[in-house]
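*Asks:* Residues per chain, in single letters:
There are 6 protein chains.
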Amino acid sequence: MSNELKEYREYRQKMNERILNGNNKVIKRIFNLDTNTYMEGALDTRTKEMLGLVSSMVLRCDDCIKYHVEQCHKLGITKEEMFEIFSVANVVGGTIVIPHLRKAVEFWDALEDEKNNSGK
Amino acid sequence: MSNELKEYREYRQKMNERILNGNNKVIKRIFNLDTNTYMEGALDTRTKEMLGLVSSMVLRCDDCIKYHVEQCHKLGITKEEMFEIFSVANVVGGTIVIPHLRKAVEFWDALEDEKNNSGK
Amino acid sequence: MSNELKEYREYRQKMNERILNGNNKVIKRIFNLDTNTYMEGALDTRTKEMLGLVSSMVLRCDDCIKYHVEQCHKLGITKEEMFEIFSVANVVGGTIVIPHLRKAVEFWDALEDEKNNSGK
Amino acid sequence: MSNELKEYREYRQKMNERILNGNNKVIKRIFNLDTNTYMEGALDTRTKEMLGLVSSMVLRCDDCIKYHVEQCHKLGITKEEMFEIFSVANVVGGTIVIPHLRKAVEFWDALEDEKNNSGK
Amino acid sequence: MSNELKEYREYRQKMNERILNGNNKVIKRIFNLDTNTYMEGALDTRTKEMLGLVSSMVLRCDDCIKYHVEQCHKLGITKEEMFEIFSVANVVGGTIVIPHLRKAVEFWDALEDEKNNSGK
Amino acid sequence: MSNELKEYREYRQKMNERILNGNNKVIKRIFNLDTNTYMEGALDTRTKEMLGLVSSMVLRCDDCIKYHVEQCHKLGITKEEMFEIFSVANVVGGTIVIPHLRKAVEFWDALEDEKNNSGK
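Chains as they are written, first to last, in the working numbering: chain B, 24 to 143; chain L, 24 to 143; chain A, 24 to 143; chain R, 24 to 143; chain Y, 24 to 143; chain D, 24 to 143.
Just so you know, these hints were derived from the structure itself, not from any lab.
It cannot be assumed that every hint is accurate.
No distinction is drawn between identical chains; accordingly, a pair holds when it is met within one copy or between any pair of copies.
[Stated by the list, open to error] Okay, derived cross-link-like pairs now, BS3-like style, lysine-lysine, Cα gap no bigger than 27 Å in a straight line:
(1) 48 with 29
(2) 48 with 97
(3) 102 with 48
(4) 126 with 37
(5) 29 with 51
All figures in this text were calculated on a predicted structure; none of them were measured in a lab.
Using the sequences plus the hints, can you model the full thing?
*Replies:* Below, the structure is given as structure tokens:
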């Protein structure tokens with residue numbers, strides 16, 4: 024596993040625990056609601072994760088992008104599909120999105136490397 | 024046709040013409056690119072319009088929301104599906120998105136009314 | 024009651040009903056969570072409404088501003104206090120907030136007029 | 024003078040007075056600072072107004088756009104120059120800026136009409 | 024003192040000096056105005072710092088969040104109060120605020136550690 | 024060449040290549056359009072780069088700011104002019120822009136150091 028993936032995942036898990044330990048009911052419910060939002064419904068999880076990704080890109084939130092890129096990767100979304108999601112984000116959000124596109128592609132590449140090396 | 028739909032469409036068309044008459048190459052290419060972005064590709068137009076809609080909602084652009092709500096409506100996206108797109112936008116973007124959700128639902132209702140009355 | 028107050032309140036109520044009729048669980052929970060957020064806790068409702076107002080101003084959401092201005096008005100926040108909330112919003116958010124400040128002051132004036140005329 | 028120009032100018036002036044009557048020192052200083060920002064310096068006022076306009080467009084603030092479009096118009100910025108400012112805003116900020124471009128062009132047209140009819 | 028706190032404070036001080044050395048009157052006045060905004064007035068500094076914090080969170084500015092978290096910490100705002108400020112920011116601003124919440128909690132923990140270790 | 028400049032340039036070039044290798048037509052056209060936007064026209068490149076910089080600042084995108092600061096530096100824009108661009112960004116965008124101003128000034132200083140040391 025690359026350092027980038029490892030650090031991202033460990034930091035995320037550690038801080039989520041710290042946040043939930045704060046024991047604030049509203050924040051706990053937001054975390055819970057966040058999980059429910061992407062469950063199968065009239066739209067499938069795959070589509071909803073794409074919606075979460077494009078939203079994160081136009082709002083330019085690198086950590087949110089990483090989270091949804093990983094979910095999309097797990098769900099078998101192809102590179103061509105990923106780039107079309109990226110294209111919508113860049114047309115709607117403008118060139119200001121490009122630095123976040125760089126990070127998204129870098130993270131995608133790390134996930135691909137991890138997958139390709141996992142059986143070795 | 025409701026006044027809201029009529030005014031929205033006429034204003035949009037009139038001003039798009041005024042903009043294109045400005046004869047600026049970069050702006051013309053953005054308009055052209057905007058159209059191409061939502062064409063069939065690795066993802067179908069239906070999915071891409073949903074991506075455009077959720078992006079417009081989290082960026083809180085009422086006119087962009089109207090445009091994509093209408094496209095989604097034309098493509099046969101159901102009310103249940105629409106509300107799931109809205110739910111992703113509201114969870115990702117927060118309660119600040121609610122006023123735009125109101126406008127989106129109002130516009131959807133106007134489109135439904137138009138469809139139901141069109142054969143009479 | 025001024026037309027502005029009447030229209031704002033009626034539209035808000037009508038569309039909230041339309042949204043809740045959509046029967047989407049995630050959206051219903053967001054509405055519910057929104058109410059709970061401002062309840063008495065370690066911070067009192069008065070402080071929380073001020074936090075909601077300043078957030079709405081820097082995010083430049085006129086309808087959200089109106090909602091929190093009205094809540095603050097009901098809770099007896101004075102004009103001097105309101106202007107200090109506005110000042111934080113304008114320093115943090117920049118002159119881009121000024122048009123929303125105009126709307127906020129206009130709405131505050133309408134609420135004051137309503138209060139002053141209510142006993143007549 | 025068109026209704027749009029008249030209403031915009033009167034509302035702006037009326038509400039600025041209401042705001043300054045609030046007598047908040049920080050807000051008064053922001054208004055004062057806003058004026059000073061665009062004065063001649065290492066960069067001329069013309070360039071600074073263009074900077075103010077493009078900033079207002081990417082931040083998608085219609086009233087701020089109107090203000091700077093009028094200042095640019097007074098300073099003799101040509102339509103071709105205006106459209107190049109618009110093009111930067113639309114490339115940097117994305118298609119989400121287009122609805123604000125429509126309003127900007129509409130306002131520019133109103134200013135041109137006013138100028139052309141002023142001698143009649 | 025933790026490395027994170029040390030680096031944050033040293034970088035902030037060094038660059039503020041570089042900025043003020045630029046000798047731009049408008050920027051100097053913004054820095055001055057920023058200080059004045061949070062002084063005691065109709066609202067106390069404690070409330071104003073909370074307003075500054077929640078604004079920084081919904082606008083998702085990590086360095087601004089750190090600054091106001093530290094001010095709130097100095098003013099004796101409790102962890103329970105902090106989490107209620109965070110909850111308003113997360114409800115208003117959406118899950119997109121969560122990565123900034125992680126950073127805020129991490130910084131708060133560092134400040135608590137510093138306080139607890141300062142007498143040893 | 025400073026590490027900061029080196030890393031910024033190498034990362035940017037590497038990831039742009041990765042993005043273009045994705046072979047998505049819409050994204051390629053955005054990159055192409057981005058280049059064309061700043062070419063000489065009714066406005067000269069110098070003015071357009073200033074417009075790109077101020078837009079990047081108010082939208083608070085550090086990598087975009089670095090790109091335009093470097094372009095402005097190459098075009099001979101003086102430090103006094105730079106600070107006036109910064110002042111517009113900070114007045115329009117508020118104190119939330121200050122952390123990005125710190126990064127911009129740091130990057131400018133690195134470019135000045137590089138220039139001063141290049142003949143040695």
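*Asks:* Now look at each hint and say whether the structure bears it out.
*Replies:* Evaluated hints:
1. 48 with 29: Answer is neither: 29 Å inside a copy and 33 Å across each miss the 27 Å cutoff.
2. 48 with 97: So residue 48 and residue 97 pass the 27 Å test across copies only (25 Å; inside, 30 Å).
3. 102 with 48: between (39 Å within a copy, 14 Å between copies)
4. 126 with 37: both (22 Å within a copy, 11 Å between copies)
5. 29 with 51: within (25 Å within a copy, 31 Å between copies)
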